[in-house]
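Visitor: Letter by letter, the chains look like this.
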Amino acid sequence: MRTKLWVISLVLVCTLINSVGQVFFKIGSKTFALNFSLFTNYALIFGVVLYLIGAVIFVIALKRGELSVLYPFIALTFIWVSFLSMVFFQEIMNLYKWLGVIAIIIGVSLIGKGSGAD
Amino acid sequence: MSKLLAVVIVFFAGIIGSFGALFLKLGSKNFTFKFKRLIKNYRLIFGVLLYGVSSMFFIWGLKYGDLSMLYPIVATGYIWICLLSVKVLKERMNIWRWLGILAILIGVSLIGFGS
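Line by line, the protein sequences give chains A and B. Just so you know, my numbering puts 116 at position 116 of the first sequence, and the rest follows in order with no gaps. Take any residue in the second sequence, note its place counting from 1, add 118, and you have its number in my numbering.
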């Protein structure tokens, strides 16, 4: 089964949604406690909702593509989270992170090349 | 000692997570938004469960270790998934895909070192 480009872009959308979900997870983790406060931890809840949406999109993509091609694209999440962390948590991008971003981009490009996508 | 524990925990998280991805793929074939059929999609549900377990293991591992050490181990999960895909799903790897996995491994590790 060759994996088509639009199916890969579904995974791309999934990673964008998941990365925002991770940001909300982190925000929600600050007030995390194993009690009823969980139900008013709106950041955490929204993070879970986003993750669920991302998961549904990923499964829809998996139906139409190969796992060994689609799963590596999840690595893009690392890139989005790095950038979002700059904006929301004032984390810094350093040389290692930039090199990592470039390596991941090279990596998914190679996977795309090896996917037989039309 | 606790750092070694973190490595072991995250390593197992990676393996469990890769099986989770496999079952997600197996269950995706019968994926539907219709609730009654969805809850009978045992492979999909098992995949979600495995994924949840692996995430919890990862968060647990984070207690004892930091990202610079643990991200590279998480990245090896991509290798397991490719191996499982070939063995179970009969997918075929080629040199581009393996090089891509290698680059992603390096990239995730670098992001870990920089964190």
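In case anyone wonders, no lab produced these hints; they're calculated from the structure. As the structure is a computational prediction, the values presented were derived from the model and not from experiment. Hints may contain errors.
What the hints assert, rightly or not - Pair by pair, the computed Cβ-Cβ distance ranges are:
| no. | chain 1 | residue 1 | chain 2 | residue 2 | range |
| --- | --- | --- | --- | --- | --- |
| 1 | A | T40 | B | W214 | 46 to 54 Å |
| 2 | B | I157 | A | V13 | 21 to 29 Å |
| 3 | A | T31 | B | K205 | 39 to 47 Å |
| 4 | B | W214 | A | N35 | 48 to 56 Å |
| 5 | A | S29 | B | T150 | 31 to 39 Å |
| 6 | A | F88 | B | N212 | 23 to 31 Å |
Positions of the beta carbon are idealized from the N, C-alpha and C atoms, including for glycine.
Visitor: For the pair T40 of chain A and W214 of chain B, does the Cβ-Cβ distance stay inside 46 to 54 Å?
Guide: Roughly 48 Å apart at Cβ, these two residues keep to the hinted range, so it holds.
Visitor: The hint says 39 to 47 Å between T31 of chain A and K205 of chain B; measuring C-beta to C-beta, is that right?
Guide: Since T31 of chain A and K205 of chain B have Cβ atoms about 43 Å apart, the given range 39 to 47 Å holds.
Visitor: How does the Cβ-Cβ distance of W214 of chain B and N35 of chain A compare with 48 to 56 Å: does it lie in that range?
Guide: 50 Å, holds
Visitor: Do I157 of chain B and V13 of chain A keep their Cβ atoms within the hinted range of 21 to 29 Å?
Guide: At 26 Å between Cβs, range holds.
Visitor: The hint says 31 to 39 Å between S29 of chain A and T150 of chain B; measuring C-beta to C-beta, is that right?
Guide: Given range 31 to 39 Å: holds, Cβ gap about 33 Å.
Visitor: For the hint 23 to 31 Å, verify it against the beta carbon of F88 of chain A and that of N212 of chain B.
Guide: 39 Å, violated
In summary, the one numbered hint that this structure violates is 6.
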